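**Student:** Residues per chain, in single letters:
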Amino acid sequence: MKKLFALLLCAAMTAAMLTGCGEKTPEAQSAVEEKEDVSETAQEGGKKTFTVGFDAEFPPYGYMDDNGEYVGFDLSLAQEVCDRNGWELVKQPINWDTKDMELSSGAIDCIWNGFTINGREEEYTWSVPYVDNSQVFVVAADAGIASSADLAGKVVAVQADSSALAALNSEENAEMTATFGSLNQFADYNTAFMDLEAGSVDAVAMDIGVANYQIESREAGKFVILDDYISTEQYGVGFFLGNKELRDQVQNTLFEMLEDGTFAKIAEEWGLSDVVCLSADEK
Amino acid sequence: MDSLTMLKQLGEGMIVTGEIFFLTLLFALPLGLVIAFGRMAKNPILRTVSKIYISIMRGTPLMLQLIVVYFAPYYVFGIKMGSGYRMVAVILGFVLNYAAYFAEIYRAGIQAIPAGQHEAAQVLGYSKGQTFFKIILPQVIKRILPPVTNEVITLVKDTSLAFVLTVAEMFTLAKQVAAAQTTVIPLMVAGLFYYIFNLLVAFVMEAIEKKLAYYR
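Same order as they appear, the protein sequences are chains A and B.
Reminder that position 40 of the first sequence reads as 40 in the numbering used here, one-by-one numbering, no gaps.
Reminder that position 103 of the second sequence reads as 1103 in the numbering used here, one-by-one numbering, no gaps.
Just so you know, the hints here were simulated from the structure itself, not pulled from any lab data.
Every value quoted in this text rests on a predicted model; they were computed, and no experiment measured them.
Glycine included, every Cβ here is placed at the ideal spot set by N, Cα and C.
Hints may be right or wrong, so weigh each one.
[To be verified] Mimicking DSS-like on lysine-lysine, the simulated pairs with C-alpha atoms at most 30 Å apart in a straight line are:
no.: 1; chain 1: B; residue 1: K1080; chain 2: A; residue 2: K99
no.: 2; chain 1: A; residue 1: K47; chain 2: B; residue 2: K1157
no.: 3; chain 1: B; residue 1: K1157; chain 2: A; residue 2: K99
no.: 4; chain 1: B; residue 1: K1157; chain 2: A; residue 2: K48
[What the hints assert, rightly or not] Selected chain A positions facing chain B (Cβ under 10 Å, derived; list incomplete):
no.: 5; residue: P59
no.: 6; residue: D188
no.: 7; residue: F255
[Stated by the list, open to error] Counterexamples of contact, computed for chain A against chain B with all Cβ distances above 10 Å:
no.: 8; residue: S105
no.: 9; residue: Y189
no.: 10; residue: M194
no.: 11; residue: D228
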């Protein structure tokens, strides 16, 4: 027993010295080398990877389905674009708060996930808008809230760093936002809806497409969308500022898909035919 | 979605959570001992550096440290690490953070051994290395087991912080499943999983404690 113990201690110490002296750089370095290897083989093999960053908690644009696969309208579009260009699609779920860091550090090639153009025009290189989307309030049906004016003094929830938040903070809506009791920022919509259900928030501000999905998949008649919209806006694919080459390639493929009807077919599959707005006129 | 598919989805996350847990312990426990030596060193530079290191690691949120470890290569050195670096960054962040806590636990244990034992060992002709490994460390390990158990249990729950780098560990997946199915059940399942994992940890640590209590 004692010998075994001593042996274990020796092993622990050796490990200690190795880790201590190495200070982790070998590990980090090997990670760099590995990464380089991957990209090299990717280039040599001729199969380019196209990494799409998306919020995996944003149905129906990007989420996890019953089989544990990441699916959604945007991911279906991305898959089709990749198939046509001979690229390999990498679906990378990202933390929405750190999306800019992910994009500029090159961990992802684009943000394609119900990504609102309005208000961010100068921050990314955008594709043409492909979904017309509005920001709305969702309230409990029995709360007696009929318009945004009724939200005065109430608690309103919104996703952190989302376009709904940007819309609420914009100049046109500043007056209305000021009347709220408080504006709570949530990490994801599921939590916000749980709070809405529990009554600790009175309204959730979000994209209409997501709002419809949430309302449909929850108990019928429990939640309603207010008639007065916070703002109307459009979705596009966001690329790193200045990355026009990749943008053009993706965009042209999208136009191809529009012409042969694939785009409309995918939109129909996801029940989004009413909101898509990709138009060849903007070519 | 039936509960079986949900469990299958969460199961993949459990494996990743286990991976983070075991790799962190594997590297942080020995690294902690090294830092503890630095903290107790006679050399003032070594001592101060260790002290500052511990102070920073304990004084800033682990979530922030993970973000820094992951994004620093690009923002500080301009190196694009790519997505494969995610998991490495998580392990690195956890190891660096937990080693600081373990270092202080080791120090407490080592300094709790009466000076008389060092003197007695010296009289008996033990070298410094022998004294430490044959006399001091075995006693230290026995004494620090309860606080180490505390840290290990905290680590099990802290693995959920890997979600900031969207490593698909248990909690990240539970949140994604919850969002897609618009239900809270996956979160409850996740909670149950952490609890059972920690019961197991507590059980194992208690067994080790009993095994080492050979003088009682």
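**Student:** Each hint should be assessed against the structure and marked as holding or not.
**Tutor:** Hint check results:
Our distance criterion of 30 Å between C-alpha atoms is met by B:K1080 and A:K99, whose separation comes to about 15 Å. Only pairs whose Cα atoms come within 30 Å are accepted, and A:K47 paired with B:K1157 is rejected, the gap being roughly 40 Å. Restraint check for B:K1157 and A:K99: the C-alpha separation of about 25 Å stays at or below 30 Å, so the hint holds. Of the pairs offered as hints, the one joining B:K1157 and A:K48 is violated, with about 38 Å between alpha carbons and a cut-off of 30 Å exceeded.
At its closest, the beta carbon of A:P59 sits 6 Å from a beta carbon of chain B; the interface hint therefore holds under the 10 Å criterion. For A:D188, the interface hint holds, since its Cβ comes within 10 Å of a Cβ in chain B; the closest pair sits about 6 Å apart. Interface hint status for A:F255: violated, as the beta-carbon distance to the closest one in chain B is roughly 29 Å, over 10 Å. Interface exclusion of A:S105 from chain B breaks down, the closest Cβ pair being 4 Å apart, not more than 10 Å.
A:Y189, annotated as away from the interface, has a beta carbon of chain B within 10 Å; the closest lies near 7 Å. For A:M194, the requirement that its beta carbon stay farther than 10 Å from each beta carbon of chain B is not met, with the minimum near 6 Å. Remark: the non-interface label on A:D228 is consistent with the geometry, its nearest Cβ contact in chain B lying 25 Å away (cut-off 10 Å).
Comparing the model with each numbered hint stated earlier shows that hints 2, 4, 7, 8, 9, 10 do not hold.
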